[in-house]
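J.: Sequence:
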Amino acid sequence: MTTRLRLFLMMVLQLAIWGAWAPKIFPYMGMLGFAPWQQSLVGSAWGVAAVVGIFFSNQFADRNFAAERFLAISHLIGGLALVGTALSTSFWPFFACYLIFSLVYVPTLSVTNSIAFANLRDPAGEFGAVRMGGTVGWVLVSWPFVFLLGAHAGAEQVRWIFLVAAILSFAFAGYALTLPHTPARKDAPGIDNLAWRRALKLLGAPFVLVLFLVTFIDSVIHNGYFVMADAFLTNRVGIAGNLSMVVLSLGQVAEILTMFLLGRVLARLGWKVTMIIGVLGHAARFAVFAFFADSIPVIVAVQLLHGICYAFFFATVYIFVDAVFPKDVRSSAQGLFNLLILGVGNVVASFLFPTLVSRLSHAGADGVASVDYTSLFLVPTGMALVAVLLLAVFFKPPTRSPVAEADEDGPLAAAAAAASPAQP
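The sequence shown begins at 0 in numbering that gives the first Met the number 0 and counts up by one.
Because the hints were derived from the structure by calculation, they are not lab data.
Don't be surprised by glycine CBs; every beta carbon is placed ideally from N, CA and C.
Mixed in with the good hints there might be a few duds.
Stated by the list, open to error - Pairwise CB distance ranges (calculated):
1) 183 / 263: 31 to 41 Å
2) 3 / 384: 33 to 43 Å
3) 0 / 239: 37 to 47 Å
4) 173 / 37: 41 to 51 Å
5) 36 / 268: 28 to 38 Å
6) 124 / 252: 15 to 25 Å
7) 239 / 203: 47 to 57 Å
8) 139 / 37: 42 to 52 Å
9) 259 / 145: 19 to 29 Å
10) 183 / 291: 48 to 58 Å
Working from the sequences, and respecting the hints, build out all of it.
T.: Below you can see the structure in the form of structure tokens.
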């Protein structure tokens with residue numbers, strides 16, 4: 000296989016593991032009788048893992064282990080933790096197993112990006128097509144659940160979301176050893192060993208700070224979608240429980256096209272406009288959720304906006320970091336933004352949106368609780384519009400779009416040098 004195809008399959012397995020359980024983990028915890036605070040605590044596990052990832056996978060592991068071996072070990076441990084999660088029905092064992100899985104899985108998301116960037120000849124032009132493999136994996140993994148789950152599946156059936164993820168994790172552990180060898184990277188002489196400090200200091204550049212803030216807002220919105228979407232589809236819209244994951248996966252189908260076109264869009268529209276369109280996708284989708292919940296065709300169709308939401312903002316952020324940040328801090332910068340996308344944003348969404356759901360719920364005449372989804376979804380809609388305003392007014396990147404670098408350190412080299420302490 001070509002290197003590009005091998006990296007594509009790497010992304011298929013990486014995201015299939017996540018896609019197997021992500022849409023239904025919050026409904027499943029409700030089936031187990033977990034209280035809202037317990038569900039929020041489980042959601043915060045990814046935030047803990049993202050913080051650990053900055054210090055471990057993006058510092059110690061990157062500098063001491065070949066990336067493909069790190070993936071193999073991580074996914075072997077992760078598969079065992081997922082089996083434990085599936086077999087746990089009380090909160091603390093469930094939380095402990097899920098936390099272990101999070102600690103070993105979340106760092107691999109940035110490691111797979113690093114492997115791809117290290118082995119692609121033209122990262123800005125080719126990463127979108129390679130990352131599209133993750134989208135394919137997320138879509139494919141939703142289909143087995145049409146048969147594994149019933150229309151009104153209970154906890155005994157829904158636990159398969161973790162068992163399927165475990166099987167995929169074991170498969171990836173073996174496949175990782177066949178990936179292109181990506182050796183450990185030792186620090187160059189005179190470079191601060193804690194490169195994450197330099198990445199943090201680059202927040203002193205106004206456009207980096209604005210992008211950091213917008214990424215936080217959009218990551219809260221993005222993660223909130225996964226907290227609320229499955230319950231919304233099954234409880235409000237009326238879609239069968241074994242079909243909701245397939246409906247949600249339509250967004251990933253659209254993502255395939257948008258990831259394929261991302262390189263061309265970036266070259267034509269530039270960083271700012273591409274990112275603004277991505278955030279506007281969130282605003283439009285939640286607005287439709289708020290006002291058209293009675294129309295199943297409209298709700299199903301609007302899932303297609305997910306491709307724009309992800310590719311035009313989050314994938315663009317990853318490419319932006321690789322194109323603009325100095326080479327010696329790029330991996331740490333990727334981890335820093337992953338901290339927002341997978342960590343802080345996930346934690347805030349896991350606490351914010353369950354709290355809003357609780358406050359906007361009321362008992363009907365039949366005693367069954369219902370949620371005011373119109374008010375609920377107007378919250379992320381408003382947040383997205385604020386993020387768009389910040390990008391439009393304050394985000395001024397050093398280059399309009401991906402360009403060939405004038406030197407190996409990229410457009411932020413001067414800023415990085417100014418931010419670094421003087422060397423003896």
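J.: Can you name, in rising order, the numbers of the hints this structure does not satisfy?
T.: As far as the earlier hints go, 4, 5, 8 are violated by this structure, in ascending order.
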